[in-house]
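Fit chain A to the known structure of chain V by using the hints.
Protein chains in written order, with my numbering: chain V, 1 to 508; chain A, 1 to 234.
Just so you know, these hints were derived from the structure itself, not from any lab.
No residue lacks a Cβ here, since even glycine has one placed at the ideal position from N, Cα and C.
Treat the hints loosely; a few may be bogus.
Unchecked claim - Just the calculated beta-carbon pair ranges, DEER-fashion:
| id | chain 1 | residue 1 | chain 2 | residue 2 | range |
| --- | --- | --- | --- | --- | --- |
| 1 | V | Gly371 | A | Glu191 | 55 to 65 Å |
| 2 | A | Thr201 | V | Asp394 | 33 to 43 Å |
| 3 | A | Lys14 | V | Asp394 | 21 to 31 Å |
| 4 | V | Asp467 | A | Ile106 | 57 to 67 Å |
| 5 | A | Ile106 | V | Ser276 | 23 to 33 Å |
| 6 | V | Lys386 | A | Glu191 | 48 to 58 Å |
| 7 | V | Asn355 | A | Asp118 | 27 to 37 Å |
| 8 | V | Arg333 | A | Glu61 | 41 to 51 Å |
Unchecked claim - Partial list, derived from the structure: chain A residues whose beta carbon lies under 7 Å from chain V:
| id | residue |
| --- | --- |
| 9 | Arg119 |
| 10 | Tyr124 |
| 11 | Val126 |
| 12 | Ala128 |
| 13 | Asn129 |
| 14 | Phe156 |
| 15 | Ala200 |
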Amino acid sequence: MVKKVIMKIAFGLYNSKNYIDTKKFFYNILENTNYPYKKFIDIFLITLIIFSVGEAVYSIRHTVPQWLHIFDFYMISMIFAIEYMLRLWIHSDIHKTIIKEYEKAQFLKAPLSVKELFAKILHEKWNYIKSPTAIVDLIAIMPLYRELRILRIFKLLRYTKSLNQFIDVFKTKKFELMTLFLLLMFLIGTSGIAIYVAEGNINKNINSLFDAIYWALISVATVGYGDIAPVTTIGRIISMIIIVTGLVLIAFATSVIVSAFLEKLVEIKDNRIIESINKEDSFVIICGYGQMTKMLLRQNNFNNKYVVIEKDPEITKQITKEGFIAITDDASRYDVLSKFNVHHANVSVLCLGSNDVENIYITLNAKSLSGGIRVIARASDEFMKKKFALAGADHIIIPNQMANIMLLTSINQPIVYNVMHALLTGKNAAYLDEIRILSHDKLIGKTVNSIGFKNKKLLLIGIHKADSNEFIFNPVESTILEHNDILLIMGLKISVEYFVNIFQRGLK
Amino acid sequence: MKNKKRAWIFGYSKQSKAISNSLIADNFIVIIIESNKKHFEDALADGYINSILIDVTEDLELEKLAIEEKDWIICAMEDEHLNVFLTLSLHSFCAKNEIIAISHSIYATKKLKMAGADRVIDIYEVSANRVHNIFEKPIATKLLENFISTNHEISFKEFVIAKKSFLDGKAIEDVDFDKFGVIFIGMVDKELGDEFIFAATNINHKLDSGDIIICIGKDNDLLRFKDYLDGDAV
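Same shape as in the complex, but just chain V (with noise of 0.2 Å):
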């Protein structure tokens, strides 16, 4: 009976659009930092930490309003116990794993345990619980006793970030501080007893085994309040021990979580970038260092929302320092990519790089991602450029191809050369150019022959029509220009700017 009801509702929860509706918006405000809101719950939260640690340090010296008292006391509490509930909750799907065990029981044609389900769940929820940043939690909950009210202040830590980052180097060193830290204890614990059995009966400031051990403790960590001192022979020569030991303890325990900051720092590092980046609209990802994506970095810092993603740690340092922003990492890994985020935002991806096999599979990594993202990729020659487009790269550069017209141009037609290469580098000489017409310009419903680009330096050379979405080469006089059409101009970089900014807009 108990389980056909547990069956129900597990299925019920499953079939739910509601009910998944509902956690993942709890999911995407609670935990997804790459959703647009949740910096805002973030910053409620902080405020009201910042508020009540505040509020327990005022209330100290100062006598503080009742309704204060009461909203710090239970609103604020009751604020934090709701956040640590959701968090609970979104954790694990408890009604998923109700189904696995149950599917699993009819496959295997055994009794459902009702015993082992719980087990299971309660397992993965206590997963949760002691999480570091679970306890931090509910130590924030707990408004009993102001002292564990300042406690609050350490659940700021789960906003920045930094908690997390911290908890993860001291994860990667997890044997080694562990060692320390027995080696540790086993010192405070013998010279604790030592110096009890020594002078216990002598010193009148120790006066229990507690003192002796504090006692341990003050002198290994090279404190020494004073308050207890050794008065014999044999305390002094247990303090000199101790002490001695607690410095090359602590020394060493020291270059234990330097050496792992420094380890952890450039991952750190490259997070914050990825982190960043993801807040803007659209963005590129740049894949590859060589001498293409130094070219392109050179014509267009693409205002800065740009990330090159680069295999060699020793390129990407070098890129750093003259101020290019770039991580070390392999982008034709599918983890790598799916950091960024992909979903909410405008990506491209330019696969720069030299290797016709990595940029393919760059390629289908971020198809695969997502398809709304652009790729742009360099392919090595014609026969590469199927299999791009096979891959689904939106546009395919082919260098060698290029420079090879360009070449055979200079040979066959040096003047067209000239001009082309100004047009392709983008140099001043003639200046190509585009020119969108947007709803309140001067321009609309005026015909190219009235408008007289001839006069204004300009050569019209065609307009892309927004009805049609259809390119029109050298457009006849009579053509009336609308809202959305773009024309392609041609003219002195300043003829350009000034026909925007005078006839377009109407600046005059």
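Showing chain A alone in chain V's frame:
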């Protein structure tokens, strides 16, 4: 055979392979010069029977090649330093030849120009700009792609004005290019030197025989225009 243009390509790599193929397709005689035995053998294997293996750092050997004044020289050595060095050597005793150098980096481009290359083609410059244009000027990119792809509809063409052509002696303003469906982009007025004059500067020039005009248009319109130009000429 006599009228065939001749191009000397220094260095045989994947890049120069493509270049030599297109030059041959364009009716050039291509001679490959290599200093690396393996690359030289590659060239022979690819059918470039008139490939020559020499030490390109030796001026004497370069002189022996007997490069004629009207020949084209393409410096495309894989090694950047060697390419600059070679450009410099060739410039010293083939001063009248057109030297085109292929560059793989911004720094090499500068050095090759200083070494005396008449034109330096930076492999990545044009490509990088294309990526830039994809983001900034999508419509212009489509047009520009036309110019740099092999199967284009719209392209550039330069025309040399022949004696007694219908353009000879006319002012630019009086020529109706629209009639031919082409757009006049600019010209080289031989009276004023070899400088390219962009049409948008609006200075009215008189066309004379020997001047070069550049037009952009659909391929068949350009051909029609050329036929018209040639048809009138003597």
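Next on the checklist: Tell me the numbers of any earlier hints that the structure contravenes, in ascending order.
Outcome noted: 4
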